[in-house]
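Engineer: Listed below are the residues making up each chain.
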Amino acid sequence: MTMTRRGMLKAAGAGAAFAGSGFAIPKALADALKLPAALSEGTRAEAVLDALPGKKPLIKLSYRPPNYETPIELLGGNGITSNDAFFVRYHLSDIPEVDAKTWKLKVGGDGANGTAELNLADLKRMPAAEVTAVCQCSGNRRGLFAPHVAGVEWGYGAMGCARWRGARLKDVLAKVGLKKEAIEIVLDGADGPIVQKTPDFVKSIPVAKALDENALVAYEMNGAPLPHFNGFPARIILPGWTGTYWVKHVTSINAVTKPFDGFWMKSAYRIPLNKFPTEVFASQSSDVNTPITGMVVNSLITSHPDGATVKAGSAATLSGLAWDAGDGIAKVELSSDGGASWKPATLGPDLGRFAFRPFSFTTPPLAAGPHKVSVRAENKKGQKQVTELILNPAGYHHNVVQTLILVAA
Amino acid sequence: MRTLLAVLAAALLATAALAEEQEIKLKAGPGLDKVEGNCNSCHSLDYIQMNSPFLNAAQWEAAVKKMIGPFGAPISEDDAKAITEYLKANYGS
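Heads up: the sequence lines are chains A and D, in that order.
Numbering of the first sequence is given in this note's numbering, commencing with residue 1 and proceeding in unit increments.
Numbering of the second sequence is given in this note's numbering, commencing with residue 1001 and proceeding in unit increments.
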């Protein structure tokens, strides 16, 4: 089914009205949003297309704090997600409109030799670096977990890839100098809680990660200032690691000599030890779990939603995106016969090892009826997507091989 | 059915309402006033719909405790009890 943008908006608005009036959502309306069938009934009923200021209509999962995911057709087939389609994710509801003229970034901490205060002009005067990198929410695809786990019930679109430009984090830290005892770098942004007792969203990263040349304090996204909802005027860019560390509206960067013990490090965003092939954040690990770090290898067909209709007797051309934590995508394979046989997809332009890698694939002619199409990626380290979901309490790292049905008619 | 059509017609005309937080109407039931009076101050109530209907009674209880404990929500004991009962009854698995 193809709908115009206008039609989709109307359908979504109608969906909101149905939700508000206690009626069950007609299936056609949920279908207009192309919401995955695996999402919970409640999520499918409340999700609507809605446009935040400066943004295209995205899939609203919660209004306040705003959590909006990008419809798959807007993720960017060329590997770049546009600023006005980039997903929005906040934990806390007090989100000030930051004034670029008065914004200041404070740098210091007990692990630093001194303190510094930078304004936006100071930051822009520093040597600039650029990296094209995927920003993906740790909980992207949480809504597809079976059994469901509590949280923001994301489908496929809590991710995007942009060309980020800013000062290197290591150059910012060099303004104050790090003591050899410095163990983590603590990052805070201007957004905060409504109730003072709610823990502010503050994150920490290992010093070595902060000194990586790809870590930035970015003020540009795809050649334009960051949109408000993506962290204006400056945010942390930590290529390879999940979005939780990419602190928006960053206002302070502190080197510390003891592991940071804030709620968002010690209690949230943690994964069981030894379940995932990702880096271990040693200074924050407990006996049983560790903070989430790098992304797991993953891929997604973006040209066709599940249940899409294609022409019977003809080949179908599919396209999508693959990504990992920065080792780079080695290959993407597709199956159009339910996983019995796999054939390599054609990889598109390489925008860098942290970027989305576009792919395309032409199926054999498809006989009338349903066809199970699957996609799987492998990175240059030989890491593959999983076929069985790796369960974990908070619903992170969903990289199960995607399977969708194409109906040839 | 007339009401349903009226709702649909109104919604189809309401494209200008985009970018506005829509009021979330949860199911009617005892305790809804406590949910609206407490939970809604820090987050929109779509969080409740979104996390349904898969949380069981113990999980809803834990969710309310998490809001009051780690998140520091100033909710009285009586209200917390009413909220938990409401969530279990209306949005539980």
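Think of the hints as simulated: they come from the structure by calculation, not from any bench.
Among the hints, erroneous ones may be present.
Said to hold, decoys possible - Under the rule of at most 27 Å between Cα atoms (straight-line distance), these lysine-lysine pairs were calculated in the BS3-like manner:
#, chain 1, residue 1, chain 2, residue 2
1, A, Lys180, A, Lys56
2, A, Lys56, D, Lys1066
3, A, Lys175, D, Lys1088
4, D, Lys1034, A, Lys179
5, A, Lys34, D, Lys1025
6, D, Lys1027, A, Lys266
7, A, Lys275, A, Lys380
8, D, Lys1034, D, Lys1088
9, A, Lys275, D, Lys1066
10, A, Lys175, A, Lys56
11, A, Lys34, A, Lys104
12, D, Lys1027, A, Lys34
13, A, Lys275, A, Lys180
14, D, Lys1081, A, Lys197
15, D, Lys1034, A, Lys266
Engineer: Evaluate each hint against the coordinates.
Structural biologist: So, going through the hints one by one against the coordinates:
no.: 1; hint: Lys180(A) x Lys56(A); verdict: violated (46 Å)
no.: 2; hint: Lys56(A) x Lys1066(D); verdict: violated (34 Å)
no.: 3; hint: Lys175(A) x Lys1088(D); verdict: violated (53 Å)
no.: 4; hint: Lys1034(D) x Lys179(A); verdict: violated (51 Å)
no.: 5; hint: Lys34(A) x Lys1025(D); verdict: holds (23 Å)
no.: 6; hint: Lys1027(D) x Lys266(A); verdict: violated (35 Å)
no.: 7; hint: Lys275(A) x Lys380(A); verdict: holds (20 Å)
no.: 8; hint: Lys1034(D) x Lys1088(D); verdict: holds (14 Å)
no.: 9; hint: Lys275(A) x Lys1066(D); verdict: holds (26 Å)
no.: 10; hint: Lys175(A) x Lys56(A); verdict: violated (38 Å)
no.: 11; hint: Lys34(A) x Lys104(A); verdict: violated (42 Å)
no.: 12; hint: Lys1027(D) x Lys34(A); verdict: holds (25 Å)
no.: 13; hint: Lys275(A) x Lys180(A); verdict: violated (32 Å)
no.: 14; hint: Lys1081(D) x Lys197(A); verdict: holds (21 Å)
no.: 15; hint: Lys1034(D) x Lys266(A); verdict: violated (31 Å)
The structure fails to meet hints 1, 2, 3, 4, 6, 10, 11, 13, 15 from the earlier list, while all remaining hints are met.
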